[in-house]
Structures are given as C-alpha cells and as structure tokens.
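Asks: Based on these hints, arrange chain B on the given structure of chain A.
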Amino acid sequence: MKSKKSPFRKKIQNLSKIKVVHLRKKDLKILIIEDEEGLCESIEEYFTGDGNICETASNYRDAMAKISLYRYDCILLDITLPGGNGIDILKIIKENNYPDCVLIISAKNSLDDKLQGLNLGADDYLVKPFHLSELKARVSAIIRRKTFSGSNLLLFNEITIDLLAKEVRVDNVPIKLTRKEYSLMLYFIANKGKVVSKNAIAEHLWGDGIDMANNFDFIYSHIKNIRRKLMEAGCNDYIKAAYGMGYKFTE
Amino acid sequence: MKLSARYNRVNLVTTVIVMLVTSIIYYQAIRLVLTRQKDKDLKVEEEEVFSYVDTNRKLPQAFESNDQQITFTEARPGSVKREFIDTLYYKKFDEDDIAKKRPGQPKGEYESGRGLISFTTVGNKYYKILIIESKVETEDLIRIIFTITIGVILLLLLVLLVTNKLILGRLWQPFYTIMKELRLFNIADTKEIRKIDTAIDEFNELNNAVVAMTGKAKQDYKNLKTFTENASHELLTPIAVINSKLDSLIQTENFSERQSKLLNDLYGAVSRLSRLNQSLLLLVKLENGLLKDREQINLQALVEDSIVQFDEIFQDKALRILYTLDSKEIYANQNLIEILLNNLISNAVRHNKKGGEIIIDLTKKSLIIKNTGDHLPLTDKIFARFHKSSGSEGSGLGLTISRQICENYNLSLSYQFNTDYHVFIVDFA
Numbered sequence: 001m002k003s004k005k006s007p008f009r010k011k012i013q014n015l016s017k018i019k020v021v022h023l024r025k026k027d028l029k030i031l032i033i034e035d036e037e038g039l040c041e042s043i044e045e046y047f048t049g050d051g052n053i054c055e056t057a058s059n060y061r062d063a064m065a066k067i068s069l070y071r072y073d074c075i076l077l078d079i080t081l082p083g084g085n086g087i088d089i090l091k092i093i094k095e096n097n098y099p100d101c102v103l104i105i106s107a108k109n110s111l112d113d114k115l116q117g118l119n120l121g122a123d124d125y126l127v128k129p130f131h132l133s134e135l136k137a138r139v140s141a142i143i144r145r146k147t148f149s150g151s152n153l154l155l156f157n158e159i160t161i162d163l164l165a166k167e168v169r170v171d172n173v174p175i176k177l178t179r180k181e182y183s184l185m186l187y188f189i190a191n192k193g194k195v196v197s198k199n200a201i202a203e204h205l206w207g208d209g210i211d212m213a214n215n216f217d218f219i220y221s222h223i224k225n226i227r228r229k230l231m232e233a234g235c236n237d238y239i240k241a242a243y244g245m246g247y248k249f250t251e
Numbered sequence: 001m002k003l004s005a006r007y008n009r010v011n012l013v014t015t016v017i018v019m020l021v022t023s024i025i026y027y028q029a030i031r032l033v034l035t036r037q038k039d040k041d042l043k044v045e046e047e048e049v050f051s052y053v054d055t056n057r058k059l060p061q062a063f064e065s066n067d068q069q070i071t072f073t074e075a076r077p078g079s080v081k082r083e084f085i086d087t088l089y090y091k092k093f094d095e096d097d098i099a100k101k102r103p104g105q106p107k108g109e110y111e112s113g114r115g116l117i118s119f120t121t122v123g124n125k126y127y128k129i130l131i132i133e134s135k136v137e138t139e140d141l142i143r144i145i146f147t148i149t150i151g152v153i154l155l156l157l158l159v160l161l162v163t164n165k166l167i168l169g170r171l172w173q174p175f176y177t178i179m180k181e182l183r184l185f186n187i188a189d190t191k192e193i194r195k196i197d198t199a200i201d202e203f204n205e206l207n208n209a210v211v212a213m214t215g216k217a218k219q220d221y222k223n224l225k226t227f228t229e230n231a232s233h234e235l236l237t238p239i240a241v242i243n244s245k246l247d248s249l250i251q252t253e254n255f256s257e258r259q260s261k262l263l264n265d266l267y268g269a270v271s272r273l274s275r276l277n278q279s280l281l282l283l284v285k286l287e288n289g290l291l292k293d294r295e296q297i298n299l300q301a302l303v304e305d306s307i308v309q310f311d312e313i314f315q316d317k318a319l320r321i322l323y324t325l326d327s328k329e330i331y332a333n334q335n336l337i338e339i340l341l342n343n344l345i346s347n348a349v350r351h352n353k354k355g356g357e358i359i360i361d362l363t364k365k366s367l368i369i370k371n372t373g374d375h376l377p378l379t380d381k382i383f384a385r386f387h388k389s390s391g392s393e394g395s396g397l398g399l400t401i402s403r404q405i406c407e408n409y410n411l412s413l414s415y416q417f418n419t420d421y422h423v424f425i426v427d428f429a
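Those protein sequences? They're chains A and B, same order as listed.
Using our numbering, read the first sequence as starting at 1 and increasing by one per residue.
Using our numbering, read the second sequence as starting at 1 and increasing by one per residue.
Bound conformation, chain A alone (with noise of 0.2 Å):
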C-alpha cells in the first residue's frame, strides 16, 4: 500500500504541505473526530472563527475517509468511536507518514492508553473532560511545535514571547514573568478573543491535583501582575476581566 501512493494522492500531499506553509501565520485546519455530538459541536465552534477551519468525523469510517483524503494541520481524535478504535486511525496517519498532528482526546484515562497513544507517535493526550481553552492551548503548542522553523517566536502586537528562552519582550524590551505567569500569558495568546473561565485558569496552572475548591483569589493577584508588568513596559492592556467568571485576552 505504501509504495503504491497514486501520484494524485501524492500530489495532493505536495499541496497541503505547501498549504500548511502559508496556513501557519494563522489559519487552521483541524478534524475532529468525536462521536459524541455535543462536545464535538462545542469544540467546533470554539475553534471556528479567526481563519480557522474546523471538519467533523463521528464515526470510524467517516474519519477513515477524511484522512484518506485530506491532509489536516490538527487532527483531535477520540479513543472509543462507533465502528472502531481511535488508536487504529493513528496507526494508520503514522504508517502513512501522514505529517497531520494528532491529539487523542479520551474518557479513558488510563496509563496504558495514554503510553499507547503517544508511543504511537500521537503528540498530545488530553483527559475528558477538559476545558476548551485547554485545549485550544494544548492544539497551539503542538502546532508551534511541529512548524518550528528556526525562529521561535511568537509575536502578538507589540508582545514578542521567545519559546524557547521563555522570554517574553515589549517593544524588545524584555519584561520579568514568573514561571506560572509566563504559562498564563502563552494560555491567553492561544485563547485571544475568547473568555477563559478562573476554572479553566486554576486547572491549567494547578492542575487538577490540586483541588482547592472554589477560591480564585490568587488568580486574581497573579492577572494583576501580568498586567502590571505589561502596562509598565508600555503595553496596552489587553488582559479584560469577563463578569466576574474569568478573563479575556483581547485587542
């Protein structure tokens, strides 16, 4: 099979490598391929919008013929779907050398599964349920992962934040964030124009070990110090707060 690749197929391939290109500034082609219609409505609507394009698959043989066919910047793949197994549609990207980026999103949160998945060569694993903004960050750091291309920047107005130094600039004019602060900022930038719940903020910086119920008050300290920094290196204040449920990162 491998050997036998149709030149239009392959030709295909060429185009979406090269569309993948021009597609990395900004816009985004994801499937998703979750049975479960509600959240794959959601996750589809919170990914649409900004450039980005968004495809759904809900069954096995839907998904086999997407992939098939075409080539995706992100692929969000659920483990247990009607008519077969999520881990069999990896195998399947992986021995094709299909270049799309997988992130497994699954109910089954079991080690095995998990070392499996990315064993495979999937590049994420995410833990139903999640937040949106989790995953969206999740989806963003993959991709800037897999485009990596010698310069690892990612610049957002007058905000240069070097991924690898894990510097974040003004104006080039480096400012100093703490750990958990530079991952908040990265988490805002990956979510921008969306409202990201304190739920949201708590887990991806606490993780869900830490269960403090529903305190947010250092959350709230550490937003007003990223803006403190922000604006005193002269940047506008993008971080909004939205009706006392969370913060919005916006121009």
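Calculated from the structure, these hints are not laboratory results.
Just so it is clear, CB atoms sit at the ideal spot from N, CA and C, and this is done for glycine as well.
Mixed in with the good hints there might be a few duds.
[Unchecked claim] Under the rule of at most 25 Å between Cα atoms (straight-line distance), these lysine-lysine pairs were calculated in the BS3-like manner:
no., chain 1, residue 1, chain 2, residue 2
1, B, Lys165, B, Lys40
2, A, Lys114, B, Lys285
3, B, Lys245, A, Lys192
4, A, Lys240, B, Lys245
5, A, Lys29, A, Lys192
[Unchecked claim] Chain A stretches covered by chain B per the calculated footprint, using a threshold of three residues with CB under 8 Å from any CB of chain B:
no., region
6, 38 to 44
7, 85 to 94
8, 128 to 138
9, 217 to 226
10, 236 to 249
[What the hints assert, rightly or not] A partial selection of chain B residues facing chain A, derived with a Cβ cut-off under 7 Å:
no., residue
11, Leu236
12, Val241
13, Lys245
14, Ser248
15, Gln251
16, Phe255
17, Ser260
18, Leu263
19, Asn264
20, Tyr267
21, Asp316
Replies: Frame of chain A, contents of chain B only:
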C-alpha cells in the same frame, strides 16, 4: 499444626494405647498359661508324695532340688486347706558361688515361686505338705516375651513415623504445588493456574476446582475492569459535554451579575463532579493494583515542587510553611506519589486556620506533615471513604486514596494529634 503432624500424633497415640492394651492382655494370658503349667507340675509332685505315702506308710524325705522344695510339718488335723499360693522361694547359691563371694554375704536369695499347700495323714499323724517351685524361669520367659513385644512396638512406631514422613510428604506434594500456584496467583495477571498431574482423585478434584475458580475470578475481574472503564467513559462524556457547553456559553457576551454568579456556581459544581469521578476511578484502579509501573523518584525534589505549587494557596490563607527536607529516594509511580503529596498538603491547607502553620519534615525514615487547625483530635474514620468534616469542600476520598497509595508501596500512613498539631506520617520503614 500440620495435617501430617496431627495425623501422626493421633496415629501414634492410638497405636501406643492399642499396643499397650494388647501387651497387657498378652502378658496376663501367658502368665495364666504358665501358672497353670506350674500348678500341674505341683499336682504331679503332690501325687508322687501321696503315692509314696500310700506304698511306704511314711513320709518321703524332705526333698530339695534346684527349683523345688517340699516340706512337711505336723499340724492339727483338719486345719489345712488345700490351695495354690504365690509365695517366695528361697534359693541357695551354689557352694562354688558362695566361696567366691565375700564372707557375710547371704547364702541364698528369695525369688518368686508358686506353692501348693496340701495335707496327708501318715498313721495317725496329720501333716501339712508345702511344695514350692521357683517361678524364676517362667518369669524370665514372660520378661523375654514382654521385652520382645515392647521392642516390636517401638520398631513399629519408628517405621510408622518414618514411612508417614516419607510417604505423606510425597503424597501431599500435589497439594503443596497447588498451594504455591495459588499464592502466586494474581488476578490481574494473564498467567493461568497450571493443571497438575496426579493420580490422587482428591487432589485432581481440588486442582480442577482451583482452576475453575481462578478462571471465573479472572473473568469476573475482567468484566469489572471493562465495566469500570465503560462507566468512566459513560460518565465522563456527559461531564465533558457540560464543561464544554459552559465554556461555549461564556463566550456569548453580556451577562448580568446574577447570571455570572450562577455560571460560576455551575463551573464549581462540574469541576467537583469531575474530580469526584476521577478520584473514584483512581481508587478502583489502586484497589485492583492496576497501577504497577514504578521508577526511582527523588522525593525531596517532588516535595519541593509541591510546596512551590501551593505557594499562592499558602499565601492566600496566610499560612506559615516550615520545612526541612533530607534527600530521600523511593521506588514508586511518580503520578501516584504526586497525588499523595498533593492530597496531604491540600488537607493541611483546607483544615487549617487563617494565619496557621504547616510543618513538613522529610527524613530517611518518614515524611511528616503537621498542620494547625481544630483543637480537637480526629478519629481514624478520616481514612474511610466519603468521610468529611462539616463544611469541607473536598471529595471525601483524598485520605482514602492516600492510604491506598501508601499500601500499594508497603508504606504506612497514620494520623496523630500532637499538642495542637494534626500530624500525618508516611512511614518508609
């Protein structure tokens, strides 16, 4: 007590009792037969005396040989009753023997004898006849028979013991093989119990039962595992949908203060629900020993990381944190140890008072986490599932999980109340 020991004991006791009873009966029977024999001899002797008296009209000479004495004494007519008696026989030593002995030694000795008292009249005189025969040979005979019997008993016992030990040991071998297999049996393993080869029906039956039982246990366990996985999938998916719908909902701007309060409460409840579900799944996995992968872990670094992670939370409650950490490595699953540390520190924070104190001590021997809080000691119930202090926001599974993690690695987790400090100790010994 071992079955063979028990069996041997019963066997020995009954054998000894039976043998003793038999030998007593044996002894008595031989004695009876031999005494009768003696009595017959005595009667013959008596007959001889009578016939002598009849023919010679006088008493025979008082006769004495090596093992027979006959004495005649005059007695009042009619005073003697004819009877057999057990008596003593005075045996004189041989002249040669006496000469060898030192002077003053007795010239003879008494041995047991059998006597016959009879009477006769010679002319008008009434005589009592006493015939005594030495029983020493009879007794010797009895003694020899008895000794042989005892010897046979002892020999028999010895043979019994040895054969029991050898044969029983070999006979029970299949049983021990089955036991070994059972001890090594792990329900989570794929390894089946081996079918053993034995000619003994009972062991075959036992083996079959064991094979069937473990097979069924494995099947049940597999079903349970599948059920747990399915349940998790079924439960987590709706939670994931609620979560994602909430995330989508807050993107639709313009909320009143009341609406955002409601949304916040929903978020809180959903995250609690999802944590609870995850805790339950973790607990099931722990109890089934499913998390087996291990690695070398630098506990000191891990505790330090946890303390850093909790930094804001300590500050938020104005808690003072004091710690001394020795270097300590353990061999365990990193994820689980992180969960353990997070649970214990979370607890120390959650049940603390504002401006309180947390003390963490890591030594080679133990990890101790102390915190201020309520002034009353807690009971051991805190380790039970869903035990919660009133007003606690936790799932009620944290300490259960912590203890289970410790048990997984043969560590012990205990609680003490020590002068206003609640102390949790993870003992590495």
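Asks: Look at each hint and say if it fits the structure.
Replies: Okay, the hints, checked on the actual structure:
For the suggested pair lysine 165(B) and lysine 40(B), the alpha carbons sit about 51 Å apart, so the restraint of at most 25 Å is broken. Taking the CA atoms of lysine 114(A) and lysine 285(B), the gap is about 15 Å. The hint holds against a cut of 25 Å. For the hint pairing lysine 245(B) with lysine 192(A), the CA-to-CA distance comes to about 19 Å; that is within 25 Å, so the pair holds. With a C-alpha separation of about 22 Å, the suggested pairing of lysine 240(A) with lysine 245(B) holds against the 25 Å cut-off.
A C-alpha spacing of about 18 Å is found between lysine 29(A) and lysine 192(A), which places the hinted pair at or below 25 Å, so the restraint holds. Counting residues of the region 38 to 44 of chain A whose beta carbon lies closer than 8 Å to any beta carbon of chain B gives 4, which meets the minimum of three for the stated coverage. For the region 85 to 94 of chain A, the stated coverage by chain B is not satisfied: 0 residues place a CB nearer than 8 Å to a CB of that chain, which falls below the threshold of 3. Judged by the Cβ-Cβ criterion of 8 Å, the region 128 to 138 of chain A is covered by chain B as claimed, because 6 of its residues qualify and three suffice.
For the region 217 to 226 of chain A, the assignment as covered by chain B holds, since 4 residues bring a beta-carbon within under 8 Å of that chain's beta-carbons and 3 suffice. Under a criterion of three residues with beta carbons nearer than 8 Å to beta carbons of chain B, the stated coverage of the region 236 to 249 of chain A is upheld, 5 such residues being counted. A least Cβ separation of about 4 Å between leucine 236(B) and chain A falls short of the 7 Å threshold, and the interface hint therefore holds. Interface hint at valine 241(B): satisfied, since its Cβ lies 4 Å from the closest Cβ of chain A, which is below the 7 Å cut-off.
A hinted interface residue such as lysine 245(B) counts as satisfied when its beta carbon comes closer than 7 Å to some beta carbon of chain A; here the least separation is about 6 Å, so the hint holds. Because the beta carbon of serine 248(B) sits about 5 Å from the nearest beta carbon in chain A, less than 7 Å, this interface hint is met. Evaluation of the glutamine 251(B) hint against chain A yields a held restraint, the C-beta minimum of about 6 Å falling below 7 Å. Annotation: phenylalanine 255(B) was flagged as interfacial toward chain A, and the flag holds, the nearest CB pair being 5 Å apart, inside 7 Å.
The interface hint given for serine 260(B) is met, as the beta carbon of that residue sits about 4 Å from the closest beta carbon of chain A, less than 7 Å. Interface hint status for leucine 263(B): upheld, as the beta-carbon distance to the closest one in chain A is roughly 6 Å, under 7 Å. Given the 7 Å rule on beta carbons, the hint for asparagine 264(B) holds: about 6 Å separates it from the nearest Cβ of chain A. With 7 Å as the threshold, the beta carbon of tyrosine 267(B) comes within range of chain A, its nearest partner Cβ sitting at about 5 Å, so the hint holds.
For aspartate 316(B), the interface hint holds, since its Cβ comes within 7 Å of a Cβ in chain A; the closest pair sits about 5 Å apart.
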